[in-house]
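Undergrad: Plus 849 on top of the position in the sequence shown (first one is 1) and you've got our numbering.
No wet-lab data here; the hints were simulated from the structure.
Using N, Cα and C, we set each Cβ at its ideal position, and we do this for glycine too.
You may find that some hints are simply not true.
Calculated lysine-lysine pairs in the DSS-like style (CA-CA distance at most 27 Å, straight line) [unchecked claim]:
1) Lys1105 x Lys1077
2) Lys1077 x Lys1094
3) Lys1133 x Lys1094
Pairwise CB distance ranges, derived in the manner of DEER restraints [claimed, not checked]:
4) Pro898 x Arg942: 17 to 23 Å
5) Ser1050 x Pro1082: 19 to 25 Å
6) Pro1082 x Arg992: 41 to 47 Å
7) Asp996 x Ser1073: 29 to 35 Å
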Amino acid sequence: MTRKTINVAFTSDDWRGVALSNFSLSPFELDGVPLASVEGFIQGIKFPPGHPARERAFASAAWEAKECGKGADKRHAYWGEARIVFGSDEHHRLVERALRARFAQNEGLRRLLAATRGLEILHQTGEGPEPERTSLPAALFCRILSDIREAAAQPGDLAERIVEQTTDALIYADRAGRIARWNQAACRLFGFSRDEALGASLDIIIPEHLRAAHWAGYDAALASGRTKLAGRPTLTRGVHQDGRKLYVEMTFALVKDESGAAIGSVAMARDVTERVERERAARKAQTQAQGS
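Can you make the complete structure from the sequences, with help from the hints?
TA: Quick look at the structure:
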């Protein structure tokens, strides 16, 4: 029986393999440094900080990135304050960090990789035998991609059930404030279906008079990497699809990628309108009784 495979390389005859390869343009960040591709990262760190080839490589992909690496002495890799022996385990771990950050920060790539489940991952560039010392051996590259794919697959079903079956509304928005996750409890609380909510701005559930303050706080949290409330619940107002104003108790948290960069925010929300109105009515009745 023929084993089913996918060649994850820029020279692959499968478009998925081309897209998943390190050569492809796929911007991400590592330790706050913007990078155009993993190949650009691999080539750029062959040069010390300040070297022009390093910066060109970081902004390049595919053969242009590979061309930037020509002329490097391949004795060391440079990242942060570290000078790392080229081809060492430490070097390979650094490249693995970049590879994992790329997938952590690109949802489309994660989905594409997940769709290859059941296929053995190969890396065959057609360039001949692999050098004895290399930034990312083919076997290691394939192992990392398989690990990322399987790690996502194992808890995925359970995680999905938890998100969908929790009684609190769960809302995840990206850095731009666009809704990317909206569970059934969110549908019930705010009245918007998943199709209506996904891709929409958080403005659809924020009263107009609170939007300026919300976005100021949202942008500040993403920039600083921390929230003012530090996970403590807060009482705020929300808007139902039919225009009704709700009292909502919410907790917020930033979602960060493997490099520690904030990529969005998740909120858990519950409707406390009935409780708040009951408490207000009780206070009003008490005030009236004291004044009579």
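Undergrad: None of the hints should be skipped; say for each whether it holds.
TA: Evaluation of the provided hints:
| no. | hint | result |
| --- | --- | --- |
| 1 | Lys1105 x Lys1077 | 16 Å, holds |
| 2 | Lys1077 x Lys1094 | 24 Å, holds |
| 3 | Lys1133 x Lys1094 | 20 Å, holds |
| 4 | Pro898 x Arg942: 17 to 23 Å | 20 Å, holds |
| 5 | Ser1050 x Pro1082: 19 to 25 Å | 23 Å, holds |
| 6 | Pro1082 x Arg992: 41 to 47 Å | 42 Å, holds |
| 7 | Asp996 x Ser1073: 29 to 35 Å | 32 Å, holds |
Comparing the model with each numbered hint stated earlier shows that all of them hold.
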